[in-house]
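Novice: Protein chains in written order, with our numbering: chain A, 415 to 826; chain B, 2 to 416; chain C, 2 to 177.
Note that these hints are calculated values from the structure, not bench results.
There could be a bad hint or two in this list.
Claimed, not checked - Derived Cβ-Cβ restraints for the label pairs, each shown as a range:
1. K43(C) / K367(B): 22 to 32 angstroms
2. V164(C) / Y392(B): 42 to 52 angstroms
3. P655(A) / N61(C): 37 to 47 angstroms
4. Y392(B) / K72(C): 57 to 67 angstroms
5. K242(B) / P535(A): 46 to 56 angstroms
To be verified - Anything over 10 angstroms on all C-beta distances counts as not near chain B; from chain A, calculated:
6. T421
7. H437
8. S443
9. V531
10. T548
11. T577
12. G683
13. T717
14. T774
15. Q806
Keep in mind it's a predicted model, so treat the numbers as computed, not measured.
We treat Cβ as the ideally placed atom computed from N, Cα and C, and that holds for glycine.
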Amino acid sequence: MNTGNFTFLCRTKTGFGMNALEHLPFDLSCMGSQKPLVLLDNNAQLKGCAKPLIRAFKESGMTLGLCPPIDGGTDPNIDLKTLKNFYGIYIDKGFDSIIALGTGKVADMAKALNIAVTLGPDTLKATGEKTQITQPLTPFIYIPTGMGTGMETDKIARLNGKTFNSPFLAPDLAIIDPEILIQDTSDTIINAGLTCLATCCEAHVLSDNPPARAYCATGIGLIIKNFLPLVQSILTPEVTPDKKTTKRYQTNLAQASVITGIILANCKGLLSIQLGRHLAKDSTATPGQAMTILLPAVLDLITANKSDLGNLILPLSGLDEFSSVPISQRPALAIQKIRSLLNKLYQICLGTIPRTLSDTGVDRESIDALVQSLSSDPPPPGTDIKTINLKQAKTILTHALDGQPLNQAYLN
Amino acid sequence: MHIPDYYEFCCRVNIVTDHHALEKIPELLLSMGAKNPMVLTDKGVQAAGLIDIVIGAIDNKLSIKTIEDQVPPDSDLKIVNRLACVYHEKGCDAIIAVGGGSVLDTAKGINILVSEQAQDLMQFTGAGVLKQKLKPLIAVPTTAGTGSEVTSVAVIADHEKNLKMLFTSPFLLPDTAIIDPRMTLTLPPHITAATAMDAMAHAVEAYVMLSKNPLSDAHAIEAIKLICHHLVRVIKQPSDKKGRLALATAATMAGIAFSNSTVGMVHALGHSMGSVCHLPHGNCMAILLPYGLEYNLHKVEDEIAELLLPLAGEEIYACTPQKNRALKAIACIRELNQILNKATGGTHPICFKNIKDKQGNFLVTKKMLPEIARTAMGDGTIFYNPEDLDYEDCLMTIQAAWEGIPLDRSKIKQG
Amino acid sequence: METFIEIKPGRKPFQRIYLGIMLWFVGKAIQAAARVDNEVKKEFKGMPANYTFSLGAFPNGPYMIVGKDDKEKVRYLGSNISKHHVDLEITLKSMKNLFVLFTFRESTPIANSRDRMIVNGDLPQACAAVRILDIVQVYLLPKPLAKLAIKRYPRWSLKRHTVDRLMVLIRTITGI
Numbered sequence: 415m416n417t418g419n420f421t422f423l424c425r426t427k428t429g430f431g432m433n434a435l436e437h438l439p440f441d442l443s444c445m446g447s448q449k450p451l452v453l454l455d456n457n458a459q460l461k462g463c464a465k466p467l468i469r470a471f472k473e474s475g476m477t478l479g480l481c482p483p484i485d486g487g488t489d490p491n492i493d494l495k496t497l498k499n500f501y502g503i504y505i506d507k508g509f510d511s512i513i514a515l516g517t518g519k520v521a522d523m524a525k526a527l528n529i530a531v532t533l534g535p536d537t538l539k540a541t542g543e544k545t546q547i548t549q550p551l552t553p554f555i556y557i558p559t560g561m562g563t564g565m566e567t568d569k570i571a572r573l574n575g576k577t578f579n580s581p582f583l584a585p586d587l588a589i590i591d592p593e594i595l596i597q598d599t600s601d602t603i604i605n606a607g608l609t610c611l612a613t614c615c616e617a618h619v620l621s622d623n624p625p626a627r628a629y630c631a632t633g634i635g636l637i638i639k640n641f642l643p644l645v646q647s648i649l650t651p652e653v654t655p656d657k658k659t660t661k662r663y664q665t666n667l668a669q670a671s672v673i674t675g676i677i678l679a680n681c682k683g684l685l686s687i688q689l690g691r692h693l694a695k696d697s698t699a700t701p702g703q704a705m706t707i708l709l710p711a712v713l714d715l716i717t718a719n720k721s722d723l724g725n726l727i728l729p730l731s732g733l734d735e736f737s738s739v740p741i742s743q744r745p746a747l748a749i750q751k752i753r754s755l756l757n758k759l760y761q762i763c764l765g766t767i768p769r770t771l772s773d774t775g776v777d778r779e780s781i782d783a784l785v786q787s788l789s790s791d792p793p794p795p796g797t798d799i800k801t802i803n804l805k806q807a808k809t810i811l812t813h814a815l816d817g818q819p820l821n822q823a824y825l826n
Numbered sequence: 002m003h004i005p006d007y008y009e010f011c012c013r014v015n016i017v018t019d020h021h022a023l024e025k026i027p028e029l030l031l032s033m034g035a036k037n038p039m040v041l042t043d044k045g046v047q048a049a050g051l052i053d054i055v056i057g058a059i060d061n062k063l064s065i066k067t068i069e070d071q072v073p074p075d076s077d078l079k080i081v082n083r084l085a086c087v088y089h090e091k092g093c094d095a096i097i098a099v100g101g102g103s104v105l106d107t108a109k110g111i112n113i114l115v116s117e118q119a120q121d122l123m124q125f126t127g128a129g130v131l132k133q134k135l136k137p138l139i140a141v142p143t144t145a146g147t148g149s150e151v152t153s154v155a156v157i158a159d160h161e162k163n164l165k166m167l168f169t170s171p172f173l174l175p176d177t178a179i180i181d182p183r184m185t186l187t188l189p190p191h192i193t194a195a196t197a198m199d200a201m202a203h204a205v206e207a208y209v210m211l212s213k214n215p216l217s218d219a220h221a222i223e224a225i226k227l228i229c230h231h232l233v234r235v236i237k238q239p240s241d242k243k244g245r246l247a248l249a250t251a252a253t254m255a256g257i258a259f260s261n262s263t264v265g266m267v268h269a270l271g272h273s274m275g276s277v278c279h280l281p282h283g284n285c286m287a288i289l290l291p292y293g294l295e296y297n298l299h300k301v302e303d304e305i306a307e308l309l310l311p312l313a314g315e316e317i318y319a320c321t322p323q324k325n326r327a328l329k330a331i332a333c334i335r336e337l338n339q340i341l342n343k344a345t346g347g348t349h350p351i352c353f354k355n356i357k358d359k360q361g362n363f364l365v366t367k368k369m370l371p372e373i374a375r376t377a378m379g380d381g382t383i384f385y386n387p388e389d390l391d392y393e394d395c396l397m398t399i400q401a402a403w404e405g406i407p408l409d410r411s412k413i414k415q416g
Numbered sequence: 002m003e004t005f006i007e008i009k010p011g012r013k014p015f016q017r018i019y020l021g022i023m024l025w026f027v028g029k030a031i032q033a034a035a036r037v038d039n040e041v042k043k044e045f046k047g048m049p050a051n052y053t054f055s056l057g058a059f060p061n062g063p064y065m066i067v068g069k070d071d072k073e074k075v076r077y078l079g080s081n082i083s084k085h086h087v088d089l090e091i092t093l094k095s096m097k098n099l100f101v102l103f104t105f106r107e108s109t110p111i112a113n114s115r116d117r118m119i120v121n122g123d124l125p126q127a128c129a130a131v132r133i134l135d136i137v138q139v140y141l142l143p144k145p146l147a148k149l150a151i152k153r154y155p156r157w158s159l160k161r162h163t164v165d166r167l168m169v170l171i172r173t174i175t176g177i
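Chain A extracted, bound-state conformation (with noise of 0.2 angstroms):
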């Protein structure tokens, strides 16, 4: 129970749950903007995603402008002819605020456009590690209309390969409202869903942080009640809760992927997520599925005091079972509520996710080839993640591949 140095910083404020758009107008001109500019990508505008917002502003004497929805596709790569273009009519009509409606890459626009109209377009040109933003630009609004990657919230903006790496880059407000959130796919909630669960629970049992610490502790408790059934409901319709359940669960878990950025701004260089993404890039898993698949073994090496992961009981199985589980038990059975859920929902998905490293397709023999790659993959310029440890990565990975019990994993 002791407290380490730290430091926590999340500029981002958040409203969450029904009538969340209506504050909308009031927050604007409490941050002294009128005429706010809406980007979106044809996913949102397909779903009429922009309709609530419209509706939101009724009455609030503020002008919206609409811009074009962007191709919101799999190409993480910023169309810089449309940046220009948005750049333009920011301008011009004299719009002092940027709404962000989506997820992903609609928000790495708005970054983007907030860094170009607040320090001038050319500022995007400078490289990111010589770019310092120390100074708040402009309101910018965030409202999901799903799970998205997690990283909206997080401080990082991503421009084409450069990192521009600032607090002031976060959101100045998180706006989540069932009413503007469309159902994602299967696919999207599994990957964003574990993505939260492995940020968060890595980020909970490594961090003397307490604020961290409570922001983990609530992310893990919103994947834990939301996460599965969703995913139930989606891949089996006939068992589908009614709408305002899956509602609920929707806008539970767009909270819980808000918190994840939040996280990932604080907590620098969980092993999890970098060696999960690395790992996705040239395999049948996504990034989600490789964190999760590899945060037991990590949770398990890299903990140094064993207590505090078993004090992960308390998130993932509420009071009741942490208060009546012996300390000594904790720990193996925390990684086992997370083994459990991977399980349940291989199960849920009828064999079409991975559970350990192997149903991705690695065997023994090309851990090292993988490991290899992790030295010719350097963490980008910019960022504060650290280099990884190969020897550390290896031990991981060797574990995680049959996901074997802990006992065996000592052993090895």
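Take the given structure of chain A and dock chains B and C to it, following the hints.
Specialist: Chains B and C in isolation, oriented as in the chain A frame:
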């Protein structure tokens, strides 16, 4: 996990917690583009030698333009106006506020005037009037209790017109809160106990009041755990730096929790006790906390029951039947007060009739209770209380707290 | 739609009319209750002379304003906030929030605890104003609805529930 239909959460303060956090001030301030700070504090902090530690840590890396220690125990408009002029005259570009609630409130008031280039503070009263970021403000709390380093509120009294001005805006949040154990290391045991119980009351009330939400809950739980684990040890071993850091962190966590949830009747009654009888705030909180929980028990039994885990630990939680957990949690807080009373040689009070001044006179007499109850009816925090309170309810509660006997729960009116 | 468009803020005429009527009713009822009910009288007595307070929605209303005149008489002062100096403003962050409140889907304490309300003015008076609003709601609404709107349904005397209630209703409608 209780998830309300709607909630907001905001804490933009950069929290820097370290055994050498003070040494980070220059770097932090320079990164905000400021290097000529005004150091603001009160006479007590100055006399305790804390300012010397802060100045030593800054070590000529900043050009401190002035050190002002004129802040009174109750923030005052005149002082704010005068210090705003000093800020301009000396060419300051930031404020480092070293102290408790009043110093922080004064710093926030000065910051409004100097950032908005204004003369009259009155025009900024209320919610959401400030529209832009203010000048850099670094908060260095010295009490480990108030949590005002993470609140977006400032209260400044206009003693001439006899009114209190309330300012609410996210822009009032300090840029950085510096949590350094050296700032609380010399607090005597009874003040350590009182301030920690103030933080405890913030956390506990945040957890049971109407505005609770999952994030404020998680902050509150962390704070309660830290206080329960470290408080008695620190009282017995005041030089325990780790414990001091943990308590200071807990106070900040509790501050985040209550400023994103709210406090309720314990604070309504406590504020009134403070203003009518001039009692230390922390003592009021320690005494009133179990009573506030008892009063609301029928509305928030489950929430209070959950608090038993951080308060008493997993063994007691697991071995207490569900239906007894809430009462047990309240008993734990009473027990903690008893332990603190013993550990401080009787200085930490457990009921109001025990509090005496240096001459041995009662600070709270039975005659004062009606006035206290009336004042409490005008305290805004009363609206976040789960159960409604009228004058008789307030009076009944403080009468019990005066005597030090548990509340007669059969007399609580239920709708 | 592939081009940029600008969207002027629309209106919500139905909600505005509904809220206008409700606010008028509440305003008139406060005036009436201040003549009939001792507790309301006492709360108003504690307020300074010429004290006014308003209830409404950000940013452009609708509003209702109630205040004391020079002779300490409580009056409903209409809905035009620009015509009066208001000492205490209770404002919902949007018209929809006010609508939800006045369709009894969210009680005043719940709306307050969900950050939907802002109060600008002196706190003791704000507390008094909220208590006045609570009492008026008990007068105006049938018990099941009133229970949704306030925290604790009060235990009133039979006279207060019947005679006083009737008087408040009559005075509200006739405006005397």
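Novice: Just pull the numbers of the violated hints for me, sorted ascending.
Specialist: Result: hints 2, 4, 6, 7, 8 and 10 break, sorted rising.
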